[in-house]
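> Chain by chain, the residues run as shown.
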Amino acid sequence: MSAERVTTVVVGAGHAGLAASRFLTGRSIDHVVLERGEVANSWRRERWDSLRLLTPNWLNRLPGLPYTGPDPDGYLTSGEVVSLVEHFAAVNRAPVRTGTELTSLSRTDDGYHLVTGAGEIHARSVVLASGACNVPVTPAFAAAVPSPVRQLTPFTYRNPGQVPAGGVLVVGASATGVQIAAELQRSGRQVILSTGEHVRLPRLHRDRDVLWWMDASGVWDQRYDEVDDLTRARRLPSPQLVGGPKRETLDLNALTELGVELVGRWAAVRQESALFSGGLRNVCALADLKMNRLLTGFNQWAGITSPAEEIAPTRVPARTRLKLDLSSGEIGTIIWATGFRPDYRWLGVPVLDEKGRLRHEGGVVADSPGLYALGLPLLRRRRSTFLNGIEDDARFVVDHLAGRLPGGSEPAGRQ
Amino acid sequence: MTTIDNGVNVQALLDAREVLKGAPEAAQFTWRANSKWTKGVHSTTTIEKFFGLGQEQTHKNETEFASDHPAVFAAEDNGITPIEYLLVGLAGCLTAGVASVAQNRGIQLRSVEATVEGNHDIRGILGADSDVRNGYNDIKVTFHIDADASKEEIEALVAQSQKRSAVFDALTNPTDVTVEVA
Ligand SMILES: Cc1cc2nc3c(=O)[nH]c(=O)nc-3n(C[C@H](O)[C@H](O)[C@H](O)COP(=O)(O)OP(=O)(O)OC[C@H]3O[C@@H](n4cnc5c(N)ncnc54)[C@H](O)[C@@H]3O)c2cc1C
Numbered sequence: 001m002s003a004e005r006v007t008t009v010v011v012g013a014g015h016a017g018l019a020a021s022r023f024l025t026g027r028s029i030d031h032v033v034l035e036r037g038e039v040a041n042s043w044r045r046e047r048w049d050s051l052r053l054l055t056p057n058w059l060n061r062l063p064g065l066p067y068t069g070p071d072p073d074g075y076l077t078s079g080e081v082v083s084l085v086e087h088f089a090a091v092n093r094a095p096v097r098t099g100t101e102l103t104s105l106s107r108t109d110d111g112y113h114l115v116t117g118a119g120e121i122h123a124r125s126v127v128l129a130s131g132a133c134n135v136p137v138t139p140a141f142a143a144a145v146p147s148p149v150r151q152l153t154p155f156t157y158r159n160p161g162q163v164p165a166g167g168v169l170v171v172g173a174s175a176t177g178v179q180i181a182a183e184l185q186r187s188g189r190q191v192i193l194s195t196g197e198h199v200r201l202p203r204l205h206r207d208r209d210v211l212w213w214m215d216a217s218g219v220w221d222q223r224y225d226e227v228d229d230l231t232r233a234r235r236l237p238s239p240q241l242v243g244g245p246k247r248e249t250l251d252l253n254a255l256t257e258l259g260v261e262l263v264g265r266w267a268a269v270r271q272e273s274a275l276f277s278g279g280l281r282n283v284c285a286l287a288d289l290k291m292n293r294l295l296t297g298f299n300q301w302a303g304i305t306s307p308a309e310e311i312a313p314t315r316v317p318a319r320t321r322l323k324l325d326l327s328s329g330e331i332g333t334i335i336w337a338t339g340f341r342p343d344y345r346w347l348g349v350p351v352l353d354e355k356g357r358l359r360h361e362g363g364v365v366a367d368s369p370g371l372y373a374l375g376l377p378l379l380r381r382r383r384s385t386f387l388n389g390i391e392d393d394a395r396f397v398v399d400h401l402a403g404r405l406p407g408g409s410e411p412a413g414r415q
Numbered sequence: 416m417t418t419i420d421n422g423v424n425v426q427a428l429l430d431a432r433e434v435l436k437g438a439p440e441a442a443q444f445t446w447r448a449n450s451k452w453t454k455g456v457h458s459t460t461t462i463e464k465f466f467g468l469g470q471e472q473t474h475k476n477e478t479e480f481a482s483d484h485p486a487v488f489a490a491e492d493n494g495i496t497p498i499e500y501l502l503v504g505l506a507g508c509l510t511a512g513v514a515s516v517a518q519n520r521g522i523q524l525r526s527v528e529a530t531v532e533g534n535h536d537i538r539g540i541l542g543a544d545s546d547v548r549n550g551y552n553d554i555k556v557t558f559h560i561d562a563d564a565s566k567e568e569i570e571a572l573v574a575q576s577q578k579r580s581a582v583f584d585a586l587t588n589p590t591d592v593t594v595e596v597a
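Residue numbers (the working numbering), protein chains in the order written: chain A, 1 to 415; chain B, 416 to 597.
FYI, nobody ran anything at the bench for these hints, they're computed from the structure.
Just so you know, not all the hints are guaranteed correct.
As the list claims (entries may be wrong) - Straight line, CA to CA, 20 Å or less: simulated EDC-like cross-link-like pairs of lysine to aspartate or glutamate:
| hint | chain 1 | residue 1 | chain 2 | residue 2 |
| --- | --- | --- | --- | --- |
| 1 | B | 566 | A | 353 |
| 2 | B | 436 | A | 229 |
| 3 | A | 290 | B | 570 |
| 4 | A | 323 | B | 584 |
| 5 | A | 290 | B | 568 |
| 6 | A | 323 | B | 536 |
| 7 | B | 436 | A | 353 |
| 8 | B | 436 | A | 215 |
| 9 | A | 290 | B | 567 |
| 10 | A | 355 | B | 440 |
| 11 | B | 436 | A | 228 |
| 12 | B | 578 | A | 228 |
| 13 | B | 578 | A | 225 |
| 14 | A | 290 | A | 215 |
| 15 | A | 323 | B | 570 |
| 16 | A | 323 | B | 567 |
| 17 | B | 578 | A | 288 |
| 18 | A | 355 | B | 471 |
| 19 | B | 436 | A | 354 |
Based on the sequences and whatever the hints tell you, model everything.
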């Protein structure tokens, strides 16, 4: 069967795939970007209604697109991110094929064979930019939750109006969990938040966005090969941050103030009851210590010795519930904010580790020449986890990719 | 780095971590205890063998533990109460953790003392009030640590030790327990 031949296929038209396309175009490498849905599909279909980025506008700089609007310290809604990513695709004239799903990727002697919903393609190299958050992760014991309790994930949750009356158990206290917990509690539900290890951050530190400090102080520049425990760092939950006009802090103390009840990590279901860990105090202590170390580091970096505003330690209730009867009707809905994972069902190249994670060296899949990845957490630097990190990552990956093509690799005229 | 010594071979532990990452079978341990009733509520438990790293292992010595109940329980007090053994386990585990983490972080310890208090409403085990649980209501551990480190560093040691503690996990999270008659 005759397959279409292109030099490079990019999988996914999120900002990551589009950034790869920009640099490929810059080097005149012929390529296509396959997208199963539309450009910025995840921002159109996989986000709840009220979501705003937790990164401020000035920090969402994409290659060639610095923020020039009137509100550098604001935070985009999902709809605005769609516009941003669409604009990015348009200015780069990215050769995107929408509605084209990749269903299988395998190796050939001289590259890769791709099967899509719209035909087969042969490519010398492939950039996987299909996203790090394709599937919400839920624990196995979710299956043991009695059926009258409705279960939602961040992909199926849209807004409080959709949640039946009654209590809500939100599981997970990273950005997703704290944001949804706050919104539901404000809507009048009683929310219980099950909290394991988490990353606590104030929205502002010394009147600047805490992410300004991450960026400016060099924390976000830390490279993957400089990080002590890379596996752990790549699994780090997202920080307890929310974007909003008031630039509020949304840590556990703020949630407690709203009336959210904190319980420990959900460990098991037994006889229709949820059993929570009694270790909440320690995960809070760990998060407080870590936050304080980080902020102290910022002060040292800035050479500031005057004391910063003290942040109160996380107030852990004297007693937290260890058990919750799920059949009592107290809880009508569970929202699993327990993280996401990529979906590699179509990947026919043996480059996943025992946990199903892609093995790569800073975006280069060393075990399979010509295969690359973008858009994974801490791909090359801490900033890789965020929109902001894509410029350097995509440039590096495309440089590497170009270097392997016959005839080498001089960048075509830069704009 | 200055050489500090808390007597923990951290390198061996770090090496083991690397090896076991790729060999999950070898990481499966089974700890065993054998007990024998003496009389009344007094029993003796011995511990000697365990399984790990793919084979049978033996402690240097067999150890005997007497369990009994104090006189206020109308018993002879030939040994500590079984539930007190949980405190022994927790103190031992957290203290080992503090020493290991300190070694790994280059912190010299001079003394580490812990007081562990478990609050127990015995109406549960007596069946006097069905709303009261049998086990501890809560446990409080207080560490006194003298080390070449700041207060924050010491707090971080203790927090990290809990994070990696087998007994802390066993007490704070449910465990599936099967009891059979052979
Ligand atoms: C809830 C949430 C909030 C976030 N908030 C922020 C934030 O505030 N700031 C920030 O900087 N980052 C944030 N991120 C992280 C990151 O910026 C986003 O996940 C972003 O969408 C990643 O972009 P991407 O291009 O790597 O992947 P995606 O945007 O997921 O794009 C991947 C594309 O690949 C397509 N695709 C997947 N599989 C196939 C296939 N087999 N065939 C064809 N196409 C396929 C998808 O349809 C999708 O369009 C957030 C992430 C999540 C999940």
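> Are the hints correct? Go through all of them and say.
Verification of the supplied hints:
{"no.": "1", "hint": "B:566 / A:353", "verdict": "40 Å, violated"}
{"no.": "2", "hint": "B:436 / A:229", "verdict": "13 Å, holds"}
{"no.": "3", "hint": "A:290 / B:570", "verdict": "11 Å, holds"}
{"no.": "4", "hint": "A:323 / B:584", "verdict": "16 Å, holds"}
{"no.": "5", "hint": "A:290 / B:568", "verdict": "11 Å, holds"}
{"no.": "6", "hint": "A:323 / B:536", "verdict": "18 Å, holds"}
{"no.": "7", "hint": "B:436 / A:353", "verdict": "11 Å, holds"}
{"no.": "8", "hint": "B:436 / A:215", "verdict": "33 Å, violated"}
{"no.": "9", "hint": "A:290 / B:567", "verdict": "10 Å, holds"}
{"no.": "10", "hint": "A:355 / B:440", "verdict": "15 Å, holds"}
{"no.": "11", "hint": "B:436 / A:228", "verdict": "16 Å, holds"}
{"no.": "12", "hint": "B:578 / A:228", "verdict": "18 Å, holds"}
{"no.": "13", "hint": "B:578 / A:225", "verdict": "25 Å, violated"}
{"no.": "14", "hint": "A:290 / A:215", "verdict": "18 Å, holds"}
{"no.": "15", "hint": "A:323 / B:570", "verdict": "29 Å, violated"}
{"no.": "16", "hint": "A:323 / B:567", "verdict": "32 Å, violated"}
{"no.": "17", "hint": "B:578 / A:288", "verdict": "14 Å, holds"}
{"no.": "18", "hint": "A:355 / B:471", "verdict": "29 Å, violated"}
{"no.": "19", "hint": "B:436 / A:354", "verdict": "10 Å, holds"}
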